[in-house]
Amino acid sequence: GAVVSQHPSWVICKSGTSVKIECRSLDFQATTMFWYRQFPKQSLMLMATSNEGSKATYEQGVEKDKFLINHASLTLSTLTVTSAHPEDSSFYICSAARPGTTYNEQFFGPGTRLTVL
Amino acid sequence: AQSVAQPEDQVNVAEGNPLTVKCTYSVSGNPYLFWYVQYPNRGLQFLLKYITGDNLVKGSYGFEAEFNKSQTSFHLKKPSALVSDSALYFCAVRKGSSNTGKLIFGQGTTLQVKP
Chain A
20 GAVVSQHPSW
30 VICKSGTSVK
40 IECRSLDFQA
50 TTMFWYRQFP
60 KQSLMLMATS
70 NEGSKATYEQ
80 GVEKDKFLIN
90 HASLTLSTLT
100 VTSAHPEDSS
110 FYICSAARPG
120 TTYNEQFFGP
130 GTRLTVL
Chain B
1166 AQSVAQPEDQ
1176 VNVAEGNPLT
1186 VKCTYSVSGN
1196 PYLFWYVQYP
1206 NRGLQFLLKY
1216 ITGDNLVKGS
1226 YGFEAEFNKS
1236 QTSFHLKKPS
1246 ALVSDSALYF
1256 CAVRKGSSNT
1266 GKLIFGQGTT
1276 LQVKP
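So the sequence lines, in the order shown, correspond to chains A and B.
Residue numbering for the first sequence follows the numbering used here, starting at 20 and increasing by one per position.
Residue numbering for the second sequence follows the numbering used here, starting at 1166 and increasing by one per position.
In isolation and in its complexed conformation, chain A is listed as follows (with noise of 0.2 angstroms):
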């Protein structure tokens, strides 16, 4: 199979601190990535593209200096989101593009429940 995993799965922070959230892809190697943001009830919304080696592309709307990801090994992205505010609060949901498959299968990581006190 193909798992990905993120840590931590929650976290609680004050606000105006920065917060650290990984995503790893664990028997596979992920050349791409990405995160998504999940409002209650919501649906994803994509952030950003995460690319090894290289800077993410980020989706319109979406603050580059608030959300920094960074993508340094082929199992590795993390999503720091700096400075954090209540209204950063949210799940965070990664995802890792398996090459070799016919169309780059996305495999989703568990999530990362933020609430920002």
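Careful, some of the hints might be misleading.
As the list claims (entries may be wrong) - Partial chain B-side listing against chain A, Cβ under 8 angstroms, derived:
| # | residue |
| --- | --- |
| 1 | P1205 |
| 2 | N1206 |
| 3 | G1208 |
| 4 | K1242 |
| 5 | P1244 |
| 6 | V1248 |
| 7 | F1255 |
| 8 | K1267 |
| 9 | L1268 |
| 10 | F1270 |
| 11 | Q1272 |
Don't read these hints as lab results, they were simulated from the structure.
Cβ atoms here follow ideal geometry from the backbone N, Cα and C, with glycine treated the same way.
Following the hints, position chain B against chain A.
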């Protein structure tokens, strides 16, 4: 531009009855279509996909979906619903076979199966 529509926010069905969760899409070229299920506070679990071939696709947990090109639809179905099927279901579309193809998700449909 690609888009996916799930016209129903919620679908209610009695256990043992057939269920349908609707999805329509808009994409130029050949669509890659997916269904995912999400349980509370969990990530997405893959159910099934349509890439090419037979229009009727069978997936996990007894679910199936039918690709209808003329109606641009990809409705999710199951002959006999279980209470444990209650969850949030997402339809997604991806344009072609791009190595960096982004998934576009529908709004999601909450399926409620009552005993």
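Here is how each hint holds up against the structure:
1. With a cut of 8 angstroms, the hint placing B/P1205 at the interface with chain A is violated, because the nearest CB-to-CB distance is about 10 angstroms.
2. Hint status for B/N1206 relative to chain A: holds, with the closest Cβ pair at about 7 angstroms, below 8 angstroms.
3. A least Cβ separation of about 4 angstroms between B/G1208 and chain A falls short of the 8 angstroms threshold, and the interface hint therefore holds.
4. The beta carbon of B/K1242 is not positioned within 8 angstroms of any beta carbon in chain A (closest approach about 21 angstroms), and the interface hint is therefore violated.
5. Interface hint at B/P1244: violated, since its Cβ lies 26 angstroms from the closest Cβ of chain A, which is beyond the 8 angstroms cut-off.
6. Evaluation of the B/V1248 hint against chain A yields a violated restraint, the C-beta minimum of about 20 angstroms exceeding 8 angstroms.
7. Checking B/F1255 against chain A: minimum C-beta separation of about 7 angstroms stays under 8 angstroms; hint holds.
8. Taken as an interface hint, B/K1267 checks out: its beta carbon lies about 6 angstroms from the nearest beta carbon of chain A, inside 8 angstroms.
9. With a least beta-carbon distance of about 6 angstroms to chain A, the hint placing B/L1268 at the interface is held under the 8 angstroms criterion.
10. Look at B/F1270: its Cβ gets to within about 5 angstroms of chain A, closer than 8 angstroms, so that hint holds up.
11. Annotation: B/Q1272 was flagged as interfacial toward chain A, and the flag holds, the nearest CB pair being 5 angstroms apart, inside 8 angstroms.
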